[in-house]
Amino acid sequence: MRNDWLSQIWARCISVRSFRRVRRSQPRFLGGAWRVDVLESRTLLSGAGPAVISIERSPPDAITMNSTKFTVTFSENVTGVDSSDFAIVKTGTVVNDQKVKITQVSGAVYTASVTGIYGAGTLGINLVDDGSIRDSANLPLATHVSFSPKTGSVIVSAPTAVADFNEDGKPDLAVAGGNASTVGVYLGHGDGTFKAGTAYPVAHQATDVIAADLNEDGHLDLVATCLGSNVICVLLGRGDGTFNSSVRVIAGSGTGPESLAAGDVDNDGHLDIVTSNVTGSVSVLIGNGNGTFETAQVYNVGSGKNNTSQTQFITLADLNGDGNLDLARSIMTDVGFNYPGAIGVLLGNGTGVFQQQTNYTAGYNPHSLQVADLNGDHVPDLVATNGGDTDNYSVLLGTGAGTFQPAQVFAAGTDVSALAVADVDGDGIPDLAVVDPAINAVGVFRGNGDGTFQPQHYYYSVLATSSFTSFVSTADLNGDGRIDLVVSSNGPSSVLLSHLVTDFNGTMYSVDVDFPPTDIALDHATVGENKPLGTLVGAFSATDKDPNETFTYSLVSGSGSTGNASFSISGNQLLTAQVFDASVQNSYSIRVRVTDSRGLSYEKVFAIGVTVGNQPPVIGGFSGTIDYPEHSIPILIASDATVKDYDSSDFDTGSLTLTITQNVQSYDYLSIRSQGNGPGQIAVANGNKVYYGGIFFGTSTGGTNKVGLTITFNANATPTAAQALLRTITFESLSPTPSTLPRTVRAIVRDGDGGTSASVYKTINVIVTNNNPGLGFQTTNATYTGVPVVISPQGEILDQDSPNFDGGVLTLNLTTNAQGSDVLAVRNQGTGPGQVGVSGVNVTYGGIVVGTFTGGTNKVGLKITFNANSSPVIAREVLRNITFSNSSATPPTARRTLVGKITDGDGGTSVSQSMTVTFQLVMAATLASNQSPVISQFAGSINYAPGESPVLIDYDAIVTDADSSTLNGGAMTISLTANGQGSDVLAIRNQGRLAGKIGVSGSSVLYGGVAIGTLTGGTNKVGLKITFNADSTPEAAQALLRNITFVSTLAAPSTAPRTVRVILTDGSGGTSAAMTKTITVASAHASPVIAGFDGSVNYTPGAGATIIDSDVTVTDQDSPNLNQGQLTVSLRNNIQGTDILSVRNIGTGAGQIGVSGSNVTYGGVIIGTLAGGAKKVPMTVIFNANAAAAAAQALLRAVTFQSTLSNPVTLTRTVRVILTDGHGGTSNEALKSITIG
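Just so you know, the sequence shown maps onto residues 1 to 1237 in UniProt numbering.
Just so you know, these hints were derived from the structure itself, not from any lab. In this text the structure is predicted, and so the values were computed from the model without any measurement. Using N, Cα and C, we set each Cβ at its ideal position, and we do this for glycine too. One thing to keep in mind: the hints can contain errors.
Claimed, not checked - 30 Å max Cα-Cα, derived DSSO-like pairs, lysine-lysine: (1) K901 with K863; (2) K101 with K545; (3) K1077 with K901; (4) K1021 with K689; (5) K762 with K689; (6) K901 with K706; (7) K545 with K604; (8) K1021 with K901; (9) K170 with K101; (10) K99 with K195; (11) K1077 with K997; (12) K859 with K901; (13) K99 with K545; (14) K195 with K170; (15) K101 with K69; (16) K170 with K90; (17) K997 with K1025; (18) K101 with K90; (19) K69 with K90; (20) K689 with K706; (21) K1025 with K689; (22) K545 with K90; (23) K99 with K69; (24) K99 with K170; (25) K997 with K1021.
Said to hold, decoys possible - Derived CB-CB ranges, DEER-like: (26) V841 with G992: 21 to 31 Å; (27) T769 with G620: 26 to 36 Å; (28) I695 with A607: 56 to 66 Å; (29) S75 with G169: 54 to 64 Å; (30) N688 with S568: 38 to 48 Å; (31) T1204 with N686: 57 to 67 Å; (32) S1083 with G992: 52 to 62 Å; (33) R993 with G820: 51 to 61 Å; (34) A758 with Q662: 14 to 24 Å; (35) G834 with S965: 39 to 49 Å; (36) N688 with A715: 16 to 26 Å; (37) P60 with T295: 53 to 63 Å; (38) A1103 with N686: 58 to 68 Å.
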């Protein structure tokens, strides 16, 4: 063969000790997408001694009983075999009693019996030799090569090329980024791990990458196929591991180039590129030796895309020994998934032209293709993996004349894809490494040297279980002289390093053995005397490791069954079969059996007590802890709590009371979340009336000011309604700085018949979060008259939770019309108490350094960085001493805009504030005798959700008055000026009588316990007005404005945005500017609706996955998207471990559902992630913000059912569908039957 170019390039990129040389029968020299290089190593030979030939079951069927036997066959007679030499390996939910019993059948054959098997998944046994196994010559087991994951070697997912890009003698990786439209380069450490990757942008959808010296500068370059752009992209290498960021895009390479190979096809000494295209064509691009290429010559050897065929994989090699490179490609038919494909061979004439294609039948949909001398005759052979439902591989032995013998087909696994050929065990014979995506493993087939291979040995736990193994590459990655594997997937990738072992991994077998029930529980075991026949005693539940198991309960004879005749069972409910008299007998013993869907059972004895009088209600599920992040919306305390009462059908005159018993604060609120008036929903309307499903059933009181929340029931209240109510109770703290002491909440239910439940408790942890500081200039204008002017003498800086501003920064910048002569500075008052001073770059307060400043001149902003001595008060005083001046004698008089911002050093940043500096180069005009009050930072909008507690309109508004120390005779008026409703309420939050707190007592408004005014209005579209007395101050008015609340008394109020306006008069003739703010009102939320999912559908075994419902509809009236929502599809009755729920991959066109790995797309856009669907685990799709009701409908119409068995159990399955919208809404339960046959 003419391989001079190959030898030169390989010597440049791979001829270091860490690598193995490419076989001469395989001139394609670097790995790319969907395949890897053919490598060989002749340095490691298996040791002498006996070997394990196989560990397998006969027949190799699925394990369906709780015990099984494995046959262990050795290469010769051995002794010393016992149970300690074997380890049980299992996946899924499989468990067993860990017992292996060994029985010798003959000198070289043993039986390993495993008992106590239950669950669904796979199971096998591996030999873990401890050195005790010996042959007649006392030789131990021979060693062989195995693989294990390299810690810290996770890279990325994609087709991978292995080469030395930075010329340090250590293998590196190049990775095609697929839809990310990048090629990633990962430089190796030489130990099997790699540095963080560098991504190089290329055209859309990079599907393959190879490395080659395309411009003949001695450095490796990269070339990638970009399927989505119909081009190939070239990245020229610099020899240091980096590549030229200027991508060379080469068009005309054919429609949809997917796979590529490099070689000198025209014998001019320059590398050329050959691509396979999704249209079935092959493109040849002749290289010029400088990284550029001639216009592609396209060979239309198959039209592809639903016509005849498409190329899956392409490779170059001299197949007929004439010194010219020939071309081989794997061909997948487009007729269907399970139709025969072929291997196409095009012989080259050495001028870049190829002869007519010759096809060789290979198997269904051949995928990955390799060229190697598989039988040692020095003639290139072909090997390809086949897809469809066959999951095998084909070997085509070459004749040396460019023709091949008929394909030999061998079983390969459960779902084979990528293939690599290399001498992994060092015996001089090529072996196969085949990816099996279905089990996330690599199967290694050891070659026999005659073109056949031994059964595969799997290497499991290669990747995370959510990944889908797709690619495999080979190289010596850690320099130990042995071949290692790079295994890629749709998730992360992993490196498997080889090592010598005597262990042997047996074949894994499918397991589907039901667990038996292990316990029965009865939630209530007493009944009142004189109750009628059929009175409910309690409900049974069972413990079983099988997911989604169904149970039947029955009374059975045996020990402890003396009282069976006095009771009956309906479903899971225990009912009375007689009227009891406690004075005659007050305890009965019954024996109950639970039976699962496969007939496995468990029995238990229960004592049922007979009580005198009323039985109290029972609260369940109200325990543990929850977290409440400060300033968050009200959180549900116990969303899955239960309330039961076995002898009170209603709770008339009873009550539900929740009380904070430990660490309660006056600003803690217990309230009811109003859901709506739909079936099963709780609503609060008309102040304190509570409704269930639209029916009035109770009245609420309390919940604030350390008073417990009590709901008093009427005759409409049932245990079910009380349970729904308990699940809607919420907690919140309205304090700007709430106490972090854990609150203990107690719940008690009274049934109105004299029964009171036991007290139950739950703990609420208040989690502190950092609050942003607030900054206000308190004025909109400052006038410069030629001397430094203090910009904001009444400025304000507030922070609710930062005691100091250590690391915080106050920044002031002149933006509009700023001049180089403008100066921002800190006024030096001195070092006395309360004074701000300047010493060098230090800023002091009271003589103590509190920070440093920079800038302030030449259009550079003034920046004050605070230290641990600072505080919000000190930062405020610094702000009040910032001055503006200009160093020019004749400064431009254009108005300057000043912007200020502060950070607190704890991660909080204020909203930027601005003001204007005007120029007046004479003395400023004297102020009028009275200055009006000023309201600032009352702007923007707040959100109100119907059913919520009253919301604060503005918690950081600022009120100042430069010349009024009291507001006696003044008033604050808050009104709704746009879209106000009669049901809207403006009110004052009652914080209490503590210092600095606003309180309400009747019509009196208090500040720190002292009355400052009286209130009127606030309802029926009348504005809320507070008229001040002589004890009022601007400070009190500011605290008051920060405690004004809004609420609607309707469960579903108008959603028109309200405009709230506030005006303040100071009692001395001054009136503030009117300030406004918007209140947005959310609509009452509606749940999604599933319709048309009913009736039944038939599944025919062996016919493939069947759509469950093709015309189901999904609607949601008020959810623009289903972000964080979830579609759950599960099988409820007669489910088998071999039943599969899945999503059909229809495509990426408009309105089509597609599946790529765990991603689900709609119209080509990812709408969520898919999980489950097999082994009795429900199928779920968690939606993202791209998912709308239309996408969910299309998805549900693409859900399929099938069984992996050809003769599955024919019992009818029931499929159940539930949809949540991510906004609190849950759809109706939709059910449909699946008949089998």
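The hints, checked one at a time:
Restraint check for K901 and K863: satisfied, since their Cα atoms lie roughly 10 Å apart, inside the 30 Å limit. Of the supplied pair hints, the one linking K101 and K545 holds, its CA atoms being roughly 26 Å apart against a limit of 30 Å. At roughly 22 Å between alpha-carbon atoms, K1077 and K901 fall within 30 Å of each other, so this suggested pair holds. Between K1021 and K689 the CA atoms are separated by roughly 22 Å; this keeps the pair inside 30 Å, and the hint holds.
Of the pairs offered as hints, the one joining K762 and K689 holds, with about 26 Å between alpha carbons and a cut-off of 30 Å not exceeded. Between K901 and K706, the direct Cα distance comes to roughly 39 Å. Violation of the 30 Å bound is thereby established for this hinted pair. Our distance criterion of 30 Å between C-alpha atoms is met by K545 and K604, whose separation comes to about 18 Å. Restraint check for K1021 and K901: the C-alpha separation of about 38 Å exceeds 30 Å, so the hint is violated.
Among the hinted pairs, K170 with K101 is inconsistent with the structure: their alpha-carbon atoms are about 48 Å apart, more than 30 Å. Distance hint between K99 and K195 is unfulfilled; the C-alpha atoms sit about 44 Å from each other, more than 30 Å. The straight-line distance between the Cα atoms of K1077 and K997 is roughly 23 Å, inside the 30 Å bound, and the hint therefore holds. The hinted pair formed by K859 and K901 meets the criterion: a straight-line CA distance of about 17 Å does not exceed 30 Å.
This hinted pair checks out: K99 and K545 have alpha carbons roughly 20 Å apart, not beyond 30 Å. For the proposed pair K195 and K170, the alpha carbon gap of about 12 Å is at most 30 Å, so the pair holds. With a C-alpha separation of about 9 Å, the suggested pair K101 and K69 falls inside the 30 Å cut-off, and the hint holds. A hinted pair counts as satisfied when its Cα atoms are at most 30 Å apart, and K170 with K90 does not qualify at roughly 37 Å.
As the CA atoms of K997 and K1025 are separated by approximately 19 Å, the hinted pair is consistent with the 30 Å bound. Of the supplied pair hints, the one linking K101 and K90 holds, its CA atoms being roughly 17 Å apart against a limit of 30 Å. At most 30 Å may separate the alpha-carbon atoms for a hinted pair to count; K69 and K90 meet this at roughly 15 Å. Between K689 and K706, the direct Cα distance comes to roughly 21 Å. Compliance with the 30 Å bound is thereby established for this hinted pair.
A C-alpha spacing of about 28 Å is found between K1025 and K689, which places the hinted pair at or below 30 Å, so the restraint holds. With a CA separation close to 16 Å, the supplied pair K545 and K90 stays within the 30 Å bound. A threshold of 30 Å between alpha carbons decides the hint, and for K99 with K69 the separation of about 12 Å falls inside it, so the pair holds. Between K99 and K170, the direct Cα distance comes to roughly 46 Å. Violation of the 30 Å bound is thereby established for this hinted pair.
At roughly 27 Å between alpha-carbon atoms, K997 and K1021 fall within 30 Å of each other, so this suggested pair holds. For V841 and G992, the hinted distance range of 21 to 31 Å is not satisfied, since their beta carbons lie about 46 Å from each other. The supplied range of 26 to 36 Å is met by T769 and G620, whose beta-carbon atoms lie about 32 Å from each other. At about 39 Å, the beta-carbon gap between I695 and A607 misses the expected band of 56 to 66 Å.
Separated by about 39 Å at the C-beta atoms, S75 and G169 break the suggested range of 54 to 64 Å. Take N688 and S568: their Cβ atoms lie about 44 Å apart, and the range 38 to 48 Å holds. Between T1204 and N686 the beta carbon distance is about 58 Å. The supplied range of 57 to 67 Å therefore holds. Distance hint check: the CB atoms of S1083 and G992 are about 35 Å apart, inconsistent with the given range 52 to 62 Å.
In this structure, R993 and G820 meet the distance hint of 51 to 61 Å, their C-beta atoms being roughly 56 Å apart. Judged by the Cβ atoms, the range 14 to 24 Å given for A758 and Q662 holds: they are separated by roughly 18 Å. Distance hint check for G834 and S965: the Cβ-Cβ separation is about 19 Å, which falls outside the suggested range of 39 to 49 Å. For the hinted restraint 16 to 26 Å between N688 and A715, the CB-CB distance of approximately 18 Å keeps it satisfied.
At roughly 54 Å, the beta carbons of P60 and T295 sit within the given window of 53 to 63 Å. Checked against the hint of 58 to 68 Å, the pair A1103 and N686 passes, with Cβ atoms roughly 59 Å apart.
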